[in-house]
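**Q** Residue numbers (our numbering), protein chains in the order written: chain A, 1 to 132; chain B, 1 to 80.
These are computed hints drawn from the structure, not numbers from a lab. No false leads were slipped in.
Which residues of chain A face chain B? A few of them, derived with a C-beta cut under 10 Å, are:
1) Leu8
2) Ile9
3) Val52
4) Asn62
5) Tyr88
6) Ile91
Simulated restraints, written as ranges between beta carbons of each label pair:
7) B/Ile24 / A/Phe33: 31 to 41 Å
8) A/Ile91 / B/Lys23: 21 to 31 Å
9) A/Gln69 / B/Ala55: 24 to 34 Å
10) A/Glu68 / B/Lys15: 45 to 55 Å
11) A/Arg47 / B/Arg42: 11 to 21 Å
12) B/Lys15 / A/Ile37: 39 to 49 Å
13) B/Lys66 / A/Arg100: 19 to 29 Å
14) B/Arg42 / A/Asp74: 33 to 43 Å
15) B/Thr62 / A/Arg100: 17 to 27 Å
16) A/Lys31 / B/Glu41: 43 to 53 Å
17) A/Phe57 / B/Val78: 14 to 24 Å
18) B/Ala55 / A/Asp74: 35 to 45 Å
19) A/Asp107 / B/Lys15: 24 to 34 Å
20) B/Lys23 / A/Lys25: 36 to 46 Å
No experiment lies behind these values; they were computed from the predicted model shown. The beta carbon of each residue, even a glycine, is placed where N, CA and C say it ideally should be.
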Amino acid sequence: MRNYQSVLILKPDLDEAQVDQSIEKITSIIKKFGGSILKLDNWGKKRLAYRVKKNKFGYYLNIYHTCEQGGVPDLEKEYQLYELIIKYLVIRLEERDIERVMSQKADEAESAGAEEAGGPKKDVAAEKSDKD
Amino acid sequence: MKNPTKKKRNLFTQKICRFCSEKIQFIDFLDTKLLKPLISERGKIVPSRISGNCARHQRQMTEAIKRARSIALLPFSVEH
Numbered sequence: 001m002r003n004y005q006s007v008l009i010l011k012p013d014l015d016e017a018q019v020d021q022s023i024e025k026i027t028s029i030i031k032k033f034g035g036s037i038l039k040l041d042n043w044g045k046k047r048l049a050y051r052v053k054k055n056k057f058g059y060y061l062n063i064y065h066t067c068e069q070g071g072v073p074d075l076e077k078e079y080q081l082y083e084l085i086i087k088y089l090v091i092r093l094e095e096r097d098i099e100r101v102m103s104q105k106a107d108e109a110e111s112a113g114a115e116e117a118g119g120p121k122k123d124v125a126a127e128k129s130d131k132d
Numbered sequence: 001m002k003n004p005t006k007k008k009r010n011l012f013t014q015k016i017c018r019f020c021s022e023k024i025q026f027i028d029f030l031d032t033k034l035l036k037p038l039i040s041e042r043g044k045i046v047p048s049r050i051s052g053n054c055a056r057h058q059r060q061m062t063e064a065i066k067r068a069r070s071i072a073l074l075p076f077s078v079e080h
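The following block holds chain A by itself, in its conformation from the complex:
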């Protein structure tokens, strides 16, 4: 079992529910090849540096996962066939890289805990958006 990083760009004209659905679908695809997700980042909508399949924007997903040896070509093929993905990149990570990523995650959790004082403000903003 090796560690990999997949960066996926989804179509820009999706709403949040569709993005969540596609995340579930991608999770099931990864599980199909004997892998499990270690960390998933949703970067939201970003401007692309160049046009991809006539799209100027895209939803970025950054997934750290494991996969069975030899499963990556099949995984890439599944990505190609999934119509909501417009571009993908799968790279293999060495053991020290994945350790670095996981330690980063721990740092982020710590800093989030430290910033709890700023928490209520964020909640207010979330409520506002719900009302809208």
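Got chain A; can you put chain B on it based on the hints?
**A** The following block gives chain B in isolation, referenced to the frame of chain A:
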């Protein structure tokens, strides 16, 4: 002014690798803020001769830029 060559040499200050000076161990291709200054106006990779990067970091940086390009975080070329 007795020794013009010496004066000329002083104009070229020693360039220092920015990754070494900031003690960056790993260059992440998702970190576009870090990589943006290392591509030219046209989107080309700046050579180490100009940027002053050490060979090891220049190699890592080149790979990071190429990966960022393939996932549309950085441009392959900028049209004028």
